[in-house]
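Peer 1: Each chain, letter by letter, is given below.
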Amino acid sequence: GAVVSQHPSWVICKSGTSVKIECRSLDFQATTMFWYRQFPKQSLMLMATSNEGSKATYEQGVEKDKFLINHASLTLSTLTVTSAHPEDSSFYICSAPDSATNEKLFFGSGTQLSVL
Amino acid sequence: GENVEQHPSTLSVQEGDSAVIKCTYSDSASNYFPWYKQELGKRPQLIIDIRSNVGEKKDQRIAVTLNKTAKHFSLHITETQPEDSAVYFCAARDYKLSFGAGTTVTVRA
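So the protein lines, in turn, are chains A and B. Heads up, the final residue of the first sequence is numbered 116 in the numbering used here, and it's a clean run with no missing numbers. Heads up, the final residue of the second sequence is numbered 225 in the numbering used here, and it's a clean run with no missing numbers.
The set of hints was computed from the structure by calculation and includes no laboratory data. Since we're looking at a predicted model, the values are computed, not measured. Where is the CB? At the ideal position from N, CA and C, for every residue including glycine. Take these hints with a grain of salt, some might be off.
Partial chain A-side listing against chain B, Cβ under 8 Å, derived [said to hold, decoys possible]:
#1 G16
#2 L46
#3 P86
#4 E87
#5 S90
#6 I93
#7 S99
#8 L105
#9 F107
Listed next, the in silico EDC-like pairs over lysine to aspartate or glutamate satisfying Cα-Cα at most 20 Å (straight line) [stated by the list, open to error]:
#10 K153(B) / E87(A)
#11 K212(B) / E52(A)
#12 K41(A) / D175(B)
#13 K104(A) / D175(B)
#14 K104(A) / D165(B)
#15 K153(B) / E52(A)
#16 K212(B) / E118(B)
#17 K66(A) / D98(A)
#18 K104(A) / E118(B)
Computed footprint of chain A on chain B; a stretch qualifies when at least three of its residues, placed anywhere within it, have a C-beta under 8 Å from a C-beta of chain A [unchecked claim]:
#19 151-165
#20 207-219
Next up, chain A with everything else stripped away, as it sits in the complex (with noise of 0.2 Å):
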């Protein structure tokens, strides 16, 4: 099946600085990428959705000039939380739809960051 590599796995920072996620499919273009956030046991929230060439789309009350997404290629998209603090710490995971069907999801392995 199709992969999705996402790095860095964890992530540990100083409130105030920024954290960059890199999410790359391996093996199909990924016109689409999601991106979510995960709390501690819960779920799975989609905070925003980017689009290669176009501007990401975010959902009601995430941030945009806090979570900055860009979809530079077919294959890679990024994720940068930008002047971080210790609420933003979370499992933050991405997935892009099956390019034949738009249906089934292929997720990054995930990163957990720590801000300090």
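Once you've looked at the hints, dock chain B against the given chain A.
Peer 2: Same frame as chain A, but now just chain B:
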């Protein structure tokens, strides 16, 4: 937008017994209903999915049923094994995928 409710939040079963998780959705336009299994700190893994033109689907010990009229869908795991212990999420898609809150399943040996 779509609202998916999932019950129960936790489920403990004896090894060999069956486990059933139920979900409801709000948007009648939703047409795709996947189920994911997630182990701690890992990515969700698709275990089975069903489309709105199908009422039931089975894959070995796992089955999913869909009642479009009632907007219900359920996951059934038979002959549970300790490795089935995980968090299970249902989801429904109208124009985007919305997830249920999750069910923590514990299979007691």
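Peer 1: Each hint: holds or not?
Peer 2: Right, here's what the structure says about each hint:
no.	hint	in the structure
1	G16	violated (26 Å)
2	L46	holds (6 Å)
3	P86	violated (19 Å)
4	E87	violated (20 Å)
5	S90	violated (12 Å)
6	I93	holds (6 Å)
7	S99	violated (15 Å)
8	L105	holds (7 Å)
9	F107	holds (4 Å)
10	K153(B) / E87(A)	violated (26 Å)
11	K212(B) / E52(A)	holds (17 Å)
12	K41(A) / D175(B)	violated (27 Å)
13	K104(A) / D175(B)	holds (17 Å)
14	K104(A) / D165(B)	holds (9 Å)
15	K153(B) / E52(A)	violated (29 Å)
16	K212(B) / E118(B)	holds (8 Å)
17	K66(A) / D98(A)	violated (28 Å)
18	K104(A) / E118(B)	holds (18 Å)
19	151-165	holds (count 7)
20	207-219	holds (count 8)
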